[in-house]
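Trainee: Given the structure of chain A, go ahead and fit chain B onto it with the hints provided.
Number of protein chains: 2
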Amino acid sequence: MDLRKKFGSKVKQLREQKGYSIEYLANIADIDRTYISDIEKGNRNVSLLIIEKLAKSLEVDIKILFDYE
Amino acid sequence: MDLRKKFGSKVKQLREQKGYSIEYLANIADIDRTYISDIEKGNRNVSLLIIEKLAKSLEVDIKILFDYE
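Sequences listed follow chains A and B, in order. The first sequence begins at 1 in my numbering and counts up one residue at a time. The second sequence begins at 1 in my numbering and counts up one residue at a time.
Since the hints were made in silico from the structure, they are not lab data. These numbers come from a predicted model, not from an experiment. Every residue gets a Cβ at the ideal spot worked out from N, C-alpha and C, and that includes glycine. You can trust all of the hints, since none of them are fake.
Within a straight-line C-alpha distance of at most 30 Å, the following computed DSS-like cross-link-like pairs (lysine-lysine) qualify: (1) Lys12/B / Lys6/A; (2) Lys6/A / Lys56/B; (3) Lys5/B / Lys18/B; (4) Lys12/A / Lys53/B; (5) Lys41/A / Lys18/A; (6) Lys6/A / Lys53/B; (7) Lys53/B / Lys63/B; (8) Lys56/B / Lys41/A; (9) Lys6/A / Lys63/B; (10) Lys53/A / Lys12/B; (11) Lys41/A / Lys10/A; (12) Lys63/A / Lys41/B; (13) Lys18/B / Lys6/B; (14) Lys18/B / Lys63/A; (15) Lys63/B / Lys12/A; (16) Lys41/B / Lys6/B; (17) Lys56/A / Lys53/B; (18) Lys5/A / Lys5/B; (19) Lys63/B / Lys63/A; (20) Lys41/B / Lys56/A; (21) Lys63/A / Lys53/A; (22) Lys6/A / Lys10/B; (23) Lys5/A / Lys12/B; (24) Lys12/B / Lys10/A; (25) Lys56/A / Lys56/B; (26) Lys41/B / Lys10/A; (27) Lys12/A / Lys10/B; (28) Lys18/B / Lys63/B; (29) Lys53/A / Lys6/A; (30) Lys63/A / Lys12/B.
To list a few chain A residues with every Cβ distance to chain B over 10 Å, as calculated: (31) Gly19; (32) Ser21; (33) Ile22; (34) Ala29; (35) Asp30; (36) Glu59.
Some but not every residue of chain B turned toward chain A, in silico, with C-beta under 8 Å: (37) Arg4; (38) Phe7; (39) Val46; (40) Ser47.
So here's chain A without its partners, still in its complex pose:
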């Protein structure tokens, strides 16, 4: 599977595990709501700074966002 899709699915999975809405995650990560939605669909080639914001907001180590086993 495309890395963007795997990354997006992982963000969605972790967000739902925390019981966060897309709106709430967007708010705490300071990322646009539509951008989060696009990331989760695997449509965004996100950068390090966005990856870092997502990890902090989801309270996980960045490595977890790349753990696809």
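Mentor: Showing chain B alone in chain A's frame:
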């Protein structure tokens, strides 16, 4: 430390461990030589697709690029 710096240092460390020159890594990863050099200095906000190319070329799991303990 800034995530871009930590990421860049890790790329450099793994590249040197493999005995690759910047030129060689640039060639196998299909990334410009000057761009690799900038990444290693922590001056680039690299994206998922570049991260994937680097991991494949350095023959490591992507998680390793974010392992900073």
